[in-house]
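Student: Here is what each chain is made of, one letter per residue.
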Amino acid sequence: MTENRIKIVEKILDANDRLANENRRRLDAAAIYSINLMASPGAGKTSFILSTINALLSEDIQIGVIEGDTAPVTIDSDKINAAGMPAVQVNTGGECHMDAVMVENALDQLPLTNLDLVVVENVGNLICPAAFNLGTHSNVLIASVPEGDDKPYKYPNIYRGLDVLIINKIDLLPYIDFDMEYFQKGVEMLNPGLKTFAVSCKTDEGLDDWIDWLRSRLPNR
Amino acid sequence: MHELSVTESVLEIACRHAENAQASQVTDIHLVIGHLSSIIDESVIFYWNIISKDTLCEGAELHFIRVPAILVCLNCNNEYKLEGELTPCPNCNSAKIRVVSGDEFHLDSIEIQR
Ligand SMILES: Nc1nc2c(ncn2[C@@H]2O[C@H](COP(=O)(O)OP(=O)(O)OP(=O)(O)O)[C@@H](O)[C@H]2O)c(=O)[nH]1
Ligand SMILES: [Mg+2]
Ligand SMILES: [Zn+2]
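From first to last, the protein sequence lines are chains A and B. Position one of the first sequence corresponds to residue 235 (the numbering used here), numbered consecutively onward. Position one of the second sequence corresponds to residue 9 (the numbering used here), numbered consecutively onward.
Among these hints, one or two may not hold up.
What the hints assert, rightly or not - Below, in silico cross-link-like pairs of lysine-lysine (DSS-like), each with a Cα-Cα straight-line distance of 30 Å or less: (1) B:K89 with A:K245; (2) A:K241 with B:K61; (3) A:K419 with A:K429.
What the hints assert, rightly or not - From chain A, some residues computed to sit far from chain B (all C-beta separations above 10 Å): (4) I287; (5) Q296; (6) D310; (7) K436; (8) D443.
Since the hints were made in silico from the structure, they are not lab data. Positions of the beta carbon are idealized from the N, C-alpha and C atoms, including for glycine.
Please work from the sequences and hints to get the whole structure.
Tutor: Here you go:
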């Protein structure tokens, strides 16, 4: 019997990354832009998707939504369907994040040839989704005002991987002690120059700039 | 965080390499985990003992090699270690910083018997 040490050096989430690359190829082949939308529970992910759908309604832009929840509920996907867009509900079975396999399976259930945009509403959580690449074109985080201004300091990893930051519920700024300068200083340390939109899904303030940015990303537009 | 899926990935990688090396058993597994990758060792070990049963990795011991989070200030080049919350450069207070290490998250090596 011989003892041996074998050098491996393989990223622990390598299998997920490989599948994520396949998801990306599939989305690209269908000329679809895709977003991994992350936030803590209740930050306004579904509201933001609905606002985006409404803003683009008159332009015949088709948006497919993948709704991740840790429980077998259809609350969020029902809302998307009611807004006239296709949605797939994914039950993560208690897992705290979506991974590339779940997105692969969900893509099978979406009418990809008709879509311009796919939005994945990740599980409400600021820690785990940051570690799992889904293959989407951009990582977008919604930080909402009532969560407080210290979140970049407490959840640095999720901010580091972002392409876009949405500050939501700015209609509540008069009622909440939220130091915008302190918040943005934390963001700047983690992700210098991060593209940021301050919006309210209640009053629609600030949404136009986001829609302009999004429109510029869509292939064939 | 998601310790179960992490543990499953570790098992898959270790078993695959052990099979390729025609091992009869894996005795030790060395993981390199950066300080910024928040993984709880105890939960990984807890899941490990359950899911490694009846595999080449049953009974293998997990070793966690921790890599500290090191930041560098882009203003004054000062390198500093991050222990707790994110802070600007302690030397010049600049917020222009870059992460040098702490993101590591890989399986470094396994020890096997043939
Ligand atoms: N005042 C105010 N309320 C908002 C805004 N956006 C969302 N809300 C409210 O915040 C609550 C949560 O919104 P959702 O869109 O369900 O949040 P979510 O992030 O999808 O929640 P989960 O999917 O459960 O994690 C709802 O009561 C929304 O009406 C906003 O801009 N201003
Ligand atoms: Mg929701
Ligand atoms: Zn400095």
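Student: Give a verdict on every hint.
Tutor: Structure-based check of all given hints:
Only pairs whose Cα atoms come within 30 Å are accepted, and K89 of chain B paired with K245 of chain A is accepted, the gap being roughly 24 Å. With a CA separation close to 23 Å, the supplied pair K241 of chain A and K61 of chain B stays within the 30 Å bound. Restraint check for K419 of chain A and K429 of chain A: satisfied, since their Cα atoms lie roughly 14 Å apart, inside the 30 Å limit. Chain B leaves I287 of chain A outside its interface by the beta-carbon criterion, the shortest separation being 30 Å against a cut-off of 10 Å.
Non-interface call for Q296 of chain A relative to chain B: holds, since the shortest CB-CB distance, roughly 32 Å, exceeds 10 Å. Even its closest Cβ contact with chain B, about 21 Å, leaves D310 of chain A beyond 10 Å, as expected for a residue assigned away from the interface. With a least CB separation of 31 Å from chain B, K436 of chain A remains clear of the 10 Å interface cut-off, as annotated. Consistency note on D443 of chain A: stated as away from chain B, and its beta-carbon is indeed over 10 Å from all of that chain's, at 25 Å minimum.
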